[in-house]
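Listed in order, the protein sequences are those of chains L and B. With this note's numbering, the residue at position 286 of the first sequence is 538, and numbering never jumps. With this note's numbering, the residue at position 270 of the second sequence is 342, and numbering never jumps.
No wet-lab data here; the hints were simulated from the structure. For clarity, every value in this text was computed on a predicted model and none was experimentally measured. Built from N, CA and C at the ideal position, the CB exists for glycine as well. Heads up, some of the hints might be wrong.
In silico negatives: residues of chain L with every beta carbon more than 12 Å from chain B [what the hints assert, rightly or not]: (1) 280; (2) 330; (3) 374; (4) 394; (5) 427; (6) 433; (7) 441; (8) 444; (9) 450; (10) 476; (11) 485; (12) 488; (13) 502.
Quick partial rundown of chain B residues pointing at chain L, CB under 10 Å, derived from the structure [what the hints assert, rightly or not]: (14) 149; (15) 192; (16) 335.
For each label pair, taking beta carbons as the anchor points, the in silico distance ranges come out as [as the list claims (entries may be wrong)]: (17) L:274 to B:247: 35 to 41 Å; (18) L:526 to B:102: 57 to 63 Å; (19) L:440 to B:184: 40 to 46 Å.
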Amino acid sequence: MPKRIVLLALPALAAYLFVLIIPTIRGSRYSLTDWNGLNPEYEFVGLQNFRDAFTSDASSRAIYVTAVIAISTTILQNIIGLLLAVGVNTRIKSRNLLRVFFFTPVVMTPVVIAYLWQYLLAPNGPVNSMIAIVSPRDTYPSWLGNENLALLSIIMVMVWQFSGFAMVIYLAGLQNIPEEILEAASIDGASSRRKFWSITLPMLAPAVTINIMLSIISGLKAFDQVWVLTGGGPAGRSNTLSTTIYRNAFQYGEFGSSIALALILTFAIAIISIFQYRPLLRREAAL
Amino acid sequence: MKRYTWRLGLIEISLIALAVVFAFPFYILFTLSLRGAEATASPLSLPESLNFVNYSDAWNKAGLGSAMLNSFLITAISVVLILVFSLLAAYPLARLASRLSKGMYWLFLFGLLLPFQVALIPLYQAIRDIGLLGSIWSVILVYVGLQMPFSIFLFAGFIRSVPKDYEEAAWVDGASTWMALRKVVIPLLRPITSTVAILNTIFIWNDFLTPLLYLTGTERITIPVALFAFVGQYVSSWPLVFAGLVSAILPVLILFFIMQKSVMKGFAGGLKG
């Protein structure tokens, strides 16, 4: 094969460098300045932006909110996704229908889902109407108006949307487990529970890894759901790193500090990814 | 072992019960979109009559027609370019053992680790400087660059699993490298091609932040941005808003229901690495 066919990669390389690599390099530089995005003049401020990111109320709250969202959605999506996968991997009659059904929210536009839930969770909305039917009370929860409930609502919406995604990855993992191993264990007298903990779960390890990585990363990047559902409110208490970056850069003109925050987010994601990709990269390297 | 046991029945009933809870938002979405604007009945009840007028209203007021066309054009052009660029790049990178091709492959893989936020603002300036702001080519360019690492990663992995024998047989028969690629390799890549196409189509159709940045305030906005602007204006009239939401997701939902097997396989298989 002629070596020059490597030239076929040039269009891809050009687009990739222009969109991702060059802006990332240029962006990293601004994090050390007080640039506001418009003024052609800016000053070098050293690590000030990074110090501010951890000390200012708004951005340290955003770091906290982002971490809470990433961790809780990861735990909930994986538990629910795994249970769903185990359930629809049995010989129940409705298995195909249920698979499609639980997966449907995954392909839906996050903005649409966020508006749908904004209505569902409104003070006089359907969720509170349901509560009224089950246990009537004087005051009903203000799902999006209270800072703790707002955070809980964002997490709930993300879990509702993405559990089906975890489900299909676990399902693919389950279907890769050879039937014979499970049958051999049954013959040896292993209970269903024992088979699950000793065979199924260990053999699902790759699916667990990829699922945890994907849900942590999408949790760390959360933007659409927050932006539409709460707008970062009440009083900015549900802003994530992504919504804070957008707001700082495009509404407040604080590009330098915004990029410092973005770099912190990048760093968090890179550490998690490298940790998770290591087995994958080792396999790549062996080729 | 193969019988329908009471345990299976129990699993079935509990999953269906869960599905009903899960479906509650969908029920509200569709029934509210058909409700009269003046309706005061409980949001939980079925609408007394079906009001399709919400749909034509929403369609006109939100400019969904042109937004749908923009979304369609942007998604289609981006996905075609992504497929062509990433396939052409993945082939030599997967097949050549030279240091250059190895290095390039790693450079692309590195992009999988890079989140978009740091690049966001400098990229915005770069696109503004080349005068693409407000044109659909701005977002197409962004998508093509942004999706290269993932798409190349998927293609290269698949190409490595295809034995070289087929291409070599074609070369022996006198086919050029290019000819062998077109007539032998590309047809063999059909499964991964559809995975890459499906994953990119769903991501691009649903994406909100990129068109919000580059197309806001123009006639070129896509569906999520059009909805965002529309809801901001008509937020008190939920039936109207919901008719807009339903119209916006119907194309994706229909596509999903037609191709559900390959979509789910695409998500599961494409990401297993």
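In terms of Cβ atoms, is chain B entirely out of 12 Å range of residue 450 of chain L?
Non-interface label on residue 450 of chain L holds, nearest chain B Cβ at 19 Å vs cutoff 12 Å.
Interface-negative label, residue 280 of chain L against chain B, beta-carbon threshold 12 Å:
6 Å, violated
Does residue 192 of chain B pass the interface check with chain L, least Cβ-Cβ distance below 10 Å?
Hint holds; residue 192 of chain B Cβ to chain L Cβ min 7 Å, cut 10 Å.
Claimed clearance of chain B by residue 374 of chain L, with the beta carbon kept past 12 Å
About 9 Å separates residue 374 of chain L from the closest Cβ of chain B, which leaves it inside 12 Å; violated.
Starting from the hint 57 to 63 Å, judge whether the C-beta atoms of residue 526 of chain L and residue 102 of chain B obey it.
Violated - the Cβ-Cβ distance for residue 526 of chain L and residue 102 of chain B, about 44 Å, lies outside 57 to 63 Å.
Does the no-contact call for residue 485 of chain L survive, Cβ to all of chain B over 12 Å?
15 Å, holds
No chain B beta carbon within 12 Å of residue 488 of chain L's:
Its Cβ never comes within 12 Å of chain B, the nearest being 19 Å, so this holds.
Classify the label on residue 394 of chain L as holds or violated, using whether its beta-carbon is more than 12 Å from each beta-carbon of chain B.
17 Å, holds
Restraint outcome when residue 335 of chain B is required to lie within 10 Å of chain L by C-beta distance:
7 Å, holds
Under 10 Å is the threshold here; is the Cβ of residue 149 of chain B close enough to any Cβ of chain L for the hint to stand?
Since the shortest Cβ distance to chain L is 13 Å, the answer is violated.
Quick check for students: does the CB of residue 444 of chain L sit more than 12 Å from each CB in chain B?
9 Å, violated
Please check whether the beta-carbon of residue 476 of chain L is more than 12 Å away from every beta-carbon in chain B.
Label violated. Min Cβ-Cβ 5 Å, cutoff 12 Å.
Hints 1, 3, 5, 8, 10, 13, 14, 18, counting from the list given before, are not met by this structure.
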